[in-house]
Each structure stands twice: as structure tokens, then as C-alpha cells.
Amino acid sequence: MSIDQLDAAVATVRVLDEAGELVDGTERPDSTALLAGYRQLVHGRRLNEQAGALVRQGRLAVYPSSRGQEACQVACATALSEGDWLFPTYRDAVAIAARGVDPVDVLSMLKGDWHCGYDPARHRVAPQATPLATQLLHAVGVAHAARLKGEDTVVMALCGDGATSEGDFHEACNFAAVFASPVVFFVQNNKYAISVPLARQSVAPSLASKAVGYGMPGVRVDGNDLGALSTVLGEAVERARRGCGPTLVEADTYRVEAHTNADDATRYRTTDEVDEWAGRDPLTRVSAYLRGVGALDDDIEAEFAADADRMAARVREGLGVDVAPDPDELFAHVYATPTQQLVQQRAALQGEFDVEEA
Amino acid sequence: MTAKMTMAQAINSALRDAMTADDSVVVFGEDVGPLGGVFRVTEGLTSDFGEDRCFDTPLAESGIVGMAAGMAMNGMRPVVEMQFDAFAYPAFEQVVSHVAKFGNRTRGTLRLPMVIRIPYAGGIGGVEHHCDSSEAYYAHTAGLTVVAPANNTDAYALLRAAIESPDPVVYLEPKRHYFSNDEVDLAAADSTIGRAAVARKGRDATLIAYGPSVPVALAAAEEAATEGRDLGVVDLRSIVPFDDDTVCEQVKHTGRAVVVAEAPGFASVASEVAARVTEHCFHYLEAPVRRVTGFDIPYPAPKLEHFHLPDTARILDAVDELQWEEQL
Ligand SMILES: Cc1ncc(C[n+]2csc(CCOP(=O)(O)OP(=O)(O)O)c2C)c(N)n1
Ligand SMILES: [Mg+2]
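Protein sequences appear in the order of chains F and B.
Add 2 to the 1-based position in the first sequence for my numbering, that's all there is to it.
Add 2 to the 1-based position in the second sequence for my numbering, that's all there is to it.
Incorrect hints may appear among the rest.
[Stated by the list, open to error] Think about it this way: if two alpha-carbon atoms lie no more than 25 Å apart in a straight line, the pair counts; the simulated DMTMM-like pairs of lysine to aspartate or glutamate are: (1) B:Lys203 / B:Glu225; (2) F:Lys193 / B:Asp54; (3) F:Lys193 / F:Asp328; (4) B:Lys203 / B:Glu323; (5) F:Lys193 / F:Asp104; (6) B:Lys305 / F:Glu358; (7) F:Lys193 / B:Glu53; (8) B:Lys305 / F:Asp265; (9) B:Lys305 / F:Glu354; (10) B:Lys305 / F:Asp154; (11) B:Lys103 / B:Glu323; (12) B:Lys254 / F:Glu358; (13) F:Lys193 / B:Glu45; (14) B:Lys305 / F:Asp330; (15) B:Lys305 / F:Asp121; (16) F:Lys193 / F:Asp283; (17) B:Lys305 / F:Asp283; (18) B:Lys305 / F:Asp328; (19) B:Lys305 / F:Asp9; (20) B:Lys305 / F:Asp107; (21) B:Lys203 / B:Asp192; (22) B:Lys305 / F:Glu275; (23) F:Lys193 / F:Asp9; (24) B:Lys103 / F:Asp283; (25) B:Lys103 / B:Glu225.
Calculated from the structure, these hints are not laboratory results.
Keep in mind that this is a model prediction, so the values were computed, not measured.
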């Protein structure tokens, strides 16, 4: 199905079904690329599990898990080329890691060290956005600037189903469409905004169908189907790079865990619902398919798992180190040059330390 | 008639009692329905009063506040929740351009009796955007009433008063105290907006605070007492309207004042208090009024917040600098 077909916004693009069978009428995905993607899925799942464990051990204050959404996380990162930008939310640690940022640097924010633990300019990954939908306009700005500078950068802008209700979501879509900005808006519709179900966000036929109102293509894709996601996001990225403007892609997926560890999801949804979605796991269908075509066996599976375990060990080690917070940092970065008042306040704080030491 | 309850429960009781007393009181926002709010402040309201009286909205703060304004125009008394201080900013346009100004714009024919509840300030080790002290933005906007309870009894009383007020009220909840237990006397609570309370009488100097800084000021006064200094504490309760009388009476009595607030001090509520006290009590003052506030920085990451927040040591240092030697 082509992105530009109108019904793409309501029908759901699929490549592999829950059992890992090729959906009728679709092209066979490239096994090598899918295997590479599967390795990332295994890593992503492991990262979600490791971060959750670190919260339980008190090493991280909080973790918004993307368990069940790993296919979305991996596909949006791998659809991009070297010079492209990713604009993630708080739930997209796995996507950021899949872009090549050290997971320790991604998670250190949740340890409370600083607001952002990686260099956004070096990695072309914006700081994880907490105020919902606000980052989407920045994404449009980065894309527009790239166009004005004659660069062929594409920007992948992420948000959740809940965030599509914010005014900034609409403004970003409209700006991008009007300026034909090279942006892919990728909405992970995981059915909940904390406790609030999708039905309270929108009664549109789909979130992707909102694209019509802005004059851009919208596509709804099975968010637990790595093959389908890679195809659709790949096409959207190429479209943007060719100068054809933005695309709105909605992934039909599910937040398998609570909003964060601080949330109690049993207060607002049934375990039956969760179990049903757990049965549509994004990892199992890929492994089933790859095994079916002979591209995956126990040895490769074991190698991927061992790799992921090494990554998890590095994460534990990296986040196990307590870096003494440097109070100078409170004042150092607020302005390019600290104001006179900040210099005085820094000195006053130093004075307190001197007294304590004496 | 006293009962032991947390601040979250006191606010919940105020909502319940107001909803029972007046059918036009409706509660809405993000996750306030079946979940009962991320801090459980609205727990049980949907099940007890029905979906029309307490409901979740689409996720949009401008939408929530704007719709509340319209409902207030049409005879209802909406009480809306902003999930966290910094997440109220998308509603800023509605708050500043309309909610605050409708009464004045229409020569008083259209008043907006609505309450915007905002869990605010820090001390919870929250990630960025979850710990802002945003009171100055609201206090600076004429037409808004701004209250900040410091204890559970006031949390109840001020919310009841806010809901009954003919004007829009920004009701700031010191989120770090949501789960602190306290004896609450609902019947005896002072539900007058615009009146400060003398939280502790003192002879030597007056600490002036509001919201989450009141307990810190009280602890500082406690500590000072062991060192032979008798500090009084005024709890503003209401930032707008401001109770010049109570504040000045206490300061005139002691001749010394320190204002304590967690927000950055520059162009802040603390600065307004210091300026007012200086203007009104100049001839009674033994020393310039001091401010103990947060630094002029964005709210720090969790591991650094203890450097930023005013603590008893910083308050007592400021008290020490109130030119005591000249008394000798
Ligand atoms: C402007 C704003 N309002 C409220 C919040 C509080 N909040 C954090 S996450 C969240 C739910 C977001 O849901 P969704 O967009 O579907 O993303 P998901 O968490 O499901 O990934 C809310 C209400 C916020 N971060 N920003
Ligand atoms: Mg969601």
C-alpha cells in the first residue's frame, strides 16, 4: 500500500502477523535487515528490563518503560540516516539507544544527575521531552532550518496518543505541512495517557486520519510489527528527503507496563486486556518468521542474548557509580555568561561550604 | 471535631463537601477521574458523584482551562487540576488573557468563579518540569486570586473558600506535603481568603513565608529558640490578596524580617513582600529586610536540589545578619 493512498490512515499496514506468518499480498522483508532489527529488539527488551530492575533497586528514581513498544523504538531509530535527527519523549530511551547513544548516558537523567545525560548535537538526538508535544515544533524547526541551509536532513518526531490532544501537536503538523518540512511525525498509540484511554483523546477514525486536515499523508501501521514499521517509516523518511514534505505515522501498539513504576495500572485497566496485548509481542513474531526462513537459530539467539546481557551489565556498572553532584553546575549553564547575580549566588553557596568545612 | 488526615485527603474532603453543597461544582482535568489523580487528590469523586461531576478530559491544559472559563460563564463552578506546575504553562494564554481579565473586561457582568488547582514546588526529587514554583507568574497577573496553603487545615479551608469565591483562584498545593499527616479541624478552619496567619509569635524577628516554606520557617524558629532567639512566623496563606495588616503588625512588633520562599528570588513574590514591608514598616525596622529564596536558576536535577532549597541554616544565617550588634 502506498503512503499517499487515503485509506492508509485507517486500515493498518501489516507485514508479519502475530504468529510470524507473512501477511497475504505483502513483499517478503529482507532477512538480513530483519535479523539486524531483531538483535536491536532483543537489546531494547533487555534495556527495558534492566532499567526496571534499577528502579526496584533504587538506582533510578523512575522509568517509563516501552515494553511492548520495542518494534516502534527500533524502527524509528533505524529508519534514519547518519545526519538525521530524532526528537524523543521520556518513553523513548530504547529508540535513543538504538540511535547509538550510550544507554548509561540516556538513563543518568532518571538517576537525578542532570536534566540530559548525552550531547544532543553530537548524536542528533534532542533531549527527551517531558512537556507533551512541545518537542514536535522544535523538530519542525530543525527540519525547516536544514531545508533553508540546503541539507537533506530528515527529522523523526515522536509523541504518544495522549500528546496528540495538545495544541502543539496540531501546530507542528500544520507548520510542517505548510512548509513541506522534512519531518516524520511518529505517534506511538499505546492506548493510554497514564490512566486515560484513547477514547478520551479522540473519536477520529484513527490518529493517522488527522493528517488529512493538514494536507499530508497519514498511515496507520501495526506497531508491534517490525517489518511493517520499517517499510512505512522508511518510505516516510525517503519521501521527506525527496522534498515531498511530512508524513503522520500512527503505530497501533500497547503500553504493556504501567505508565511508570509509580503508577498502578490495575486501577484503570483489566489484566485480560494486558494479557491479550502481551500475546501480540513484537519480538516473538520476528523470531518465528526468521526461524521459519532459516535466518535465525538457537546459536544466533544465544549470541544476541549474551550481547544484550553484556550491554545490561555495562548499564548496571555505569549507573552504579555515584557521581558527586557539582554545585557549580547550578550556575554555570543558565546563560552563556553567568550574570553578576549568579556569580554572587555561586560565591554565597561556596561560603556555606567553607563554613561547613571550618 | 478534629480528624487525622493527609493534605491530599484534606483537599479531597474540601472537593467532596463543596460538590455535596453545590451541584454546580464540577471537577475535571487529566487522570482525575477513575484514577483519582496522580496524587490521589480526586480519589473516589467519579464513583461517588458520577462522571458528569468529575471527569477526565483530552490531554490539553489550554483546553481544560479554556473550557472551564466557558463553563464558569454558564453558571458552573469548575475546579480544574493541572497535573504539575510546569504542565500548566500550555494554559497560560487562557489564564492570563481571559480567566484573569473577563470580570474587568465586562465591567463585572461576567465573573468567572473557577479554581485552578496546581501541585507546585519541589522537594520531591522530581525530574525537570515537576518542581516549579510558578506563583510569581500568577501573582503578577491582576484579576487572579492566588492562595497557597501550608498545612492540612488551611488546605481544606482555603479550597472551600476558593470554590465559593466569585473570582478565579489559582490554588497552589505544596506537593511535598501531600502525604504528611496532621490533625485537621474542619469546623474551626479559617476560610477567609486574604488573611495571613501568625503561625508562631516571636519577639526578636519575623519570618514571613507561604506554602512549602512555612514548615521550614517554623523549624528555623524552633532551632533559633534553642539558641535564645525568639522568632515569629507569619504564614501568608494568600499571596493575592495580600494581607499587609497582619504582616506589618508582626514586623512592627519585632523590627526585623526575613522573607522565605522556594522560588527564585529575582522579581519574585518574596521581593514583593520585602518591598511592601520596607515601605510600610521602614521606621520600625532595625535592619534591611532579607530574602531567603531559591537561586535564580531553573529548578535543579534531583541530586542538586538540596543546594537550591532554602533550609533552616540559610534562614538562621539571614537572621544573624539583621544587625543585632547595633542593639547593644
Ligand atoms: C504538557 C503536559 N501535560 C501533562 C503532562 C503529564 N503527563 C506526563 S506523561 C502523560 C501521559 C502522556 O500520554 P501519551 O502522550 O499517550 O504518551 P505515553 O506516556 O503513553 O507514552 C501526562 C499526562 C506532561 N508531561 N506534559
Ligand atoms: Mg499513550
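Query raised in the report: Can you list which hints this structure breaks, lowest number first?
Result: 3, 5, 10, 11, 12, 17, 19, 22, 24 and 25
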